[in-house]
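With chain B's structure known, arrange chain X on it following the hints.
Okay, here's what each chain looks like letter by letter:
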Amino acid sequence: DTEVTQTPKHLVMGMTNKKSLKCEQHMGHRAMYWYKQKAKKPPELMFVYSYEKLSINESVPSRFSPECPNSSLLNLHLHALQPEDSALYLCASSLRPGTGTEAFFGQGTRLTVV
Amino acid sequence: SQQGEEDPQALSIQEGENATMNCSYKTSINNLQWYRQNSGRGLVHLILIRSNEREKHSGRLRVTLDTSKKSSSLLITASRAADTASYFCATDKNDYKLSFGAGTTVTVRA
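Protein chains in written order, with our numbering: chain B, 1 to 114; chain X, 1 to 110.
If we strip away everything but chain X, and leave its shape as in the complex, we get:
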């Protein structure tokens, strides 16, 4: 079942700009993960943030987690054309299931 909802559904930005997308979820979680999917192919894991963490960085990615609001955000800084993809948050309750949000489609214009 789909646990997370993402906002916005689609985002179009100029190369070099930052992209921010948000994810909200409904129940308590063990961790939250972000994935990227290019052109309807496989998903690539970007970053995992545990429920006791508030912020995490990986290269140009910054993820925050607010468990009191049951929400997370993904910031991509200095975007590139290669960042054009769909981005999904996924929640993990340590119950073998990874439940994906609806996704945000990001288009980076040259």
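So that you can see chain B by itself, here it is in the shape it has in the complex:
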């Protein structure tokens, strides 16, 4: 199984809603990532988890709250988002943190904030 699975594929939420994005991999990867991608732009790193601990937070606003319950799961909790947060949110994983190996990406969640 070489897949990273993200749910949901599409999400529309209001600015007062609370929602969560989910990401799952069963490749035994110990590094997991959240990226944000706006249209016609490259992915931008948000968070890195290394061995289930948050290693990097790229100064992401607190309305985005990551969680890594175990080595296979990664969540991104969303609360009080703004319309400019609408984007494609990509989850990725790699074998071991900081060893320069390829990243496997999920298909993303297309988020629209209304």
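Note that these hints are calculated values from the structure, not bench results.
Wrong hints could be hidden among the right ones.
[Said to hold, decoys possible] Listed below are the simulated EDC-like cross-link pairs for lysine to aspartate or glutamate, each with C-alpha atoms no more than 16 Å apart in a straight line:
| id | chain 1 | residue 1 | chain 2 | residue 2 |
| --- | --- | --- | --- | --- |
| 1 | B | 41 | X | 7 |
| 2 | X | 69 | X | 83 |
| 3 | B | 41 | X | 5 |
Treat the numbers as computed from the prediction; the structure is a model and nothing was measured.
Just chain X now, kept in the frame of chain B:
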């Protein structure tokens, strides 16, 4: 932060032709990777070249790396309609971060 810059921004070629795109970066790296993205969905890893390598092949893909010029190129030979996608270079400094370039949009015409 965005480390790599790609050139050209867009490329349109006929099926069967070769496509070449370039990536330049600013700081020293451990490796450079190329990814493909179809229609704004997930990225697919194509090839990884380490800083001590100069050239690498994978099927119809050829990647070069010139660390003295801080640049890399991706060549797709004998292009197919299915190669239509956005291509991103990404640099890795072994610091947990993969930094993506702006990307090249490739359109292969039948």
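Here's how the hints hold up against the structure:
no., hint, result
1, B/41 with X/7, "holds (14 Å)"
2, X/69 with X/83, "violated (28 Å)"
3, B/41 with X/5, "holds (12 Å)"
Violated hints amount to a single one, hint 2; each of the other numbered hints is respected by the structure.
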